[in-house]
Amino acid sequence: GDSVTQMEGPVTLSEEAFLTINCTYTATGYPSLFWYVQYPGEGLQLLLKATKADDKGSNKGFEATYRKETTSFHLEKGSVQVSDSAVYFCALRGAGGSYIPTFGRGTSLIVHP
Amino acid sequence: DAGVIQSPRHEVTEMGQEVTLRCKPISGHDYLFWYRQTMMRGLELLIYFNNNVPIDDSGMPEDRFSAKMPNASFSTLKIQPSEPRDSAVYFCASTLSGGPQFFGPGTRLTVL
Chain S
241 GDSVTQMEGP
251 VTLSEEAFLT
261 INCTYTATGY
271 PSLFWYVQYP
281 GEGLQLLLKA
291 TKADDKGSNK
301 GFEATYRKET
311 TSFHLEKGSV
321 QVSDSAVYFC
331 ALRGAGGSYI
341 PTFGRGTSLI
351 VHP
Chain G
9 DAGVIQSPRH
19 EVTEMGQEVT
29 LRCKPISGHD
39 YLFWYRQTMM
49 RGLELLIYFN
59 NNVPIDDSGM
69 PEDRFSAKMP
79 NASFSTLKIQ
89 PSEPRDSAVY
99 FCASTLSGGP
109 QFFGPGTRLT
119 VL
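In order, the protein sequences belong to chains S and G. Heads up: the first sequence is residues 241 to 353, going by our numbering. Heads up: the second sequence is residues 9 to 120, going by our numbering.
Simulated from the structure, these hints should not be mistaken for lab results. Errors might be hidden in some of the hints.
[Said to hold, decoys possible] Partial chain G-side listing against chain S, Cβ under 10 Å, derived:
#1 Tyr56
#2 Ala80
#3 Pro108
[To be verified] Pair by pair, the computed Cβ-Cβ distance ranges are:
#4 Ser74/G - Glu309/S: 31 to 37 Å
#5 Glu309/S - Phe82/G: 43 to 49 Å
#6 Ala335/S - Asp65/G: 20 to 26 Å
#7 Asp65/G - Ala257/S: 41 to 47 Å
#8 Asn59/G - Ala257/S: 23 to 29 Å
#9 Asn79/G - Glu309/S: 28 to 34 Å
#10 Thr28/G - Thr245/S: 32 to 38 Å
#11 Gly301/S - Asp38/G: 30 to 36 Å
#12 Asn299/S - Gly67/G: 26 to 32 Å
#13 Thr46/G - Gln285/S: 42 to 48 Å
#14 Ala257/S - Arg72/G: 32 to 38 Å
[Said to hold, decoys possible] If you want the ones that stay clear, here's a sample from chain G, every Cβ over 10 Å from chain S, calculated:
#15 Ala10
#16 Val12
#17 Pro16
#18 Thr21
#19 Pro92
This structure is a prediction, so every number in the text was calculated from the model and none was measured. Even for Gly, the Cβ is constructed at its ideal location relative to N, Cα and C.
With the hints as constraints, model all of the structure from the sequences given.
Next up, the structure:
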């Protein structure tokens, strides 16, 4: 079945550092890929998405590129802020018409001033 | 739109009591999902509905859990009787076919 693997957290960075959170997936066909962010005390919210190979999703300075050849969708940001501290979830939705996403375990990001 | 609305935001109850969690999805969305989030297990899908019909409840942990969606704008998740191991944050999410999910703020349940 479909699966998503994220790097273990927490990831701890200083403000303005470069961020990468790794995500790889297993799925048949061409799934849609998503990153969600969960701030403390809140529900998950969509950060960005990509629906086909080589697509780049971007939002709020975050980027992720759909890499079919490596089955990856790594999240990057060039300069993190304290306000980016949150838990980040990678997710996929299968290509077979199912609208049920598969989520990774989440990666906690802590940014220090 | 106000987004997905959940109530209550916090619930503290004693073991053996009945607990009812409520959700109002985004108007026009045709899928509704109930999730449970804990540190140990992460985010778990409990059940989902399509056009108010339960499609897959294989994630419901046991018979103490039940969910209903009597109309397109309301769903409940009930635990009876509740146990301490049910303590978690419960999320409701909705989506329009083919789109991303929109999550509510969650209900933090503590069973003493």
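Hint check results:
1. Tyr56: 7 Å, holds
2. Ala80: 16 Å, violated
3. Pro108: 4 Å, holds
4. Ser74/G - Glu309/S: 31 to 37 Å: For Glu309/S against Ser74/G, whose Cβ atoms are near 45 Å apart, the range 31 to 37 Å is violated.
5. Glu309/S - Phe82/G: 43 to 49 Å: Hint holds: Cβ distance 45 Å, inside 43 to 49 Å.
6. Ala335/S - Asp65/G: 20 to 26 Å: Roughly 24 Å apart at Cβ, these two residues keep to the hinted range, so it holds.
7. Asp65/G - Ala257/S: 41 to 47 Å: At roughly 44 Å between Cβ atoms, Ala257/S and Asp65/G fall inside 41 to 47 Å, so the hint holds.
8. Asn59/G - Ala257/S: 23 to 29 Å: 46 Å, violated
9. Asn79/G - Glu309/S: 28 to 34 Å: Violated - the Cβ-Cβ distance for Asn79/G and Glu309/S, about 46 Å, lies outside 28 to 34 Å.
10. Thr28/G - Thr245/S: 32 to 38 Å: Check passed, 36 Å falls within 32 to 38 Å.
11. Gly301/S - Asp38/G: 30 to 36 Å: For Gly301/S and Asp38/G the Cβ distance comes to about 33 Å; the hint holds.
12. Asn299/S - Gly67/G: 26 to 32 Å: Holds, since Asn299/S and Gly67/G (Cβ atoms, about 29 Å apart) stay within the stated range.
13. Thr46/G - Gln285/S: 42 to 48 Å: 20 Å, violated
14. Ala257/S - Arg72/G: 32 to 38 Å: Violated, since Ala257/S and Arg72/G (Cβ atoms, about 46 Å apart) do not stay within the stated range.
15. Ala10: 13 Å, holds
16. Val12: Violated: least Cβ distance 7 Å, not greater than 10 Å.
17. Pro16: Holds: least Cβ distance 14 Å, greater than 10 Å.
18. Thr21: Non-interface label on Thr21/G holds, nearest chain S Cβ at 20 Å vs cutoff 10 Å.
19. Pro92: Answer for Pro92/G: holds, closest chain S Cβ roughly 22 Å.
In terms of the numbered hints stated before, the structure departs from hints 2, 4, 8, 9, 13, 14, 16, listed from lowest to highest.
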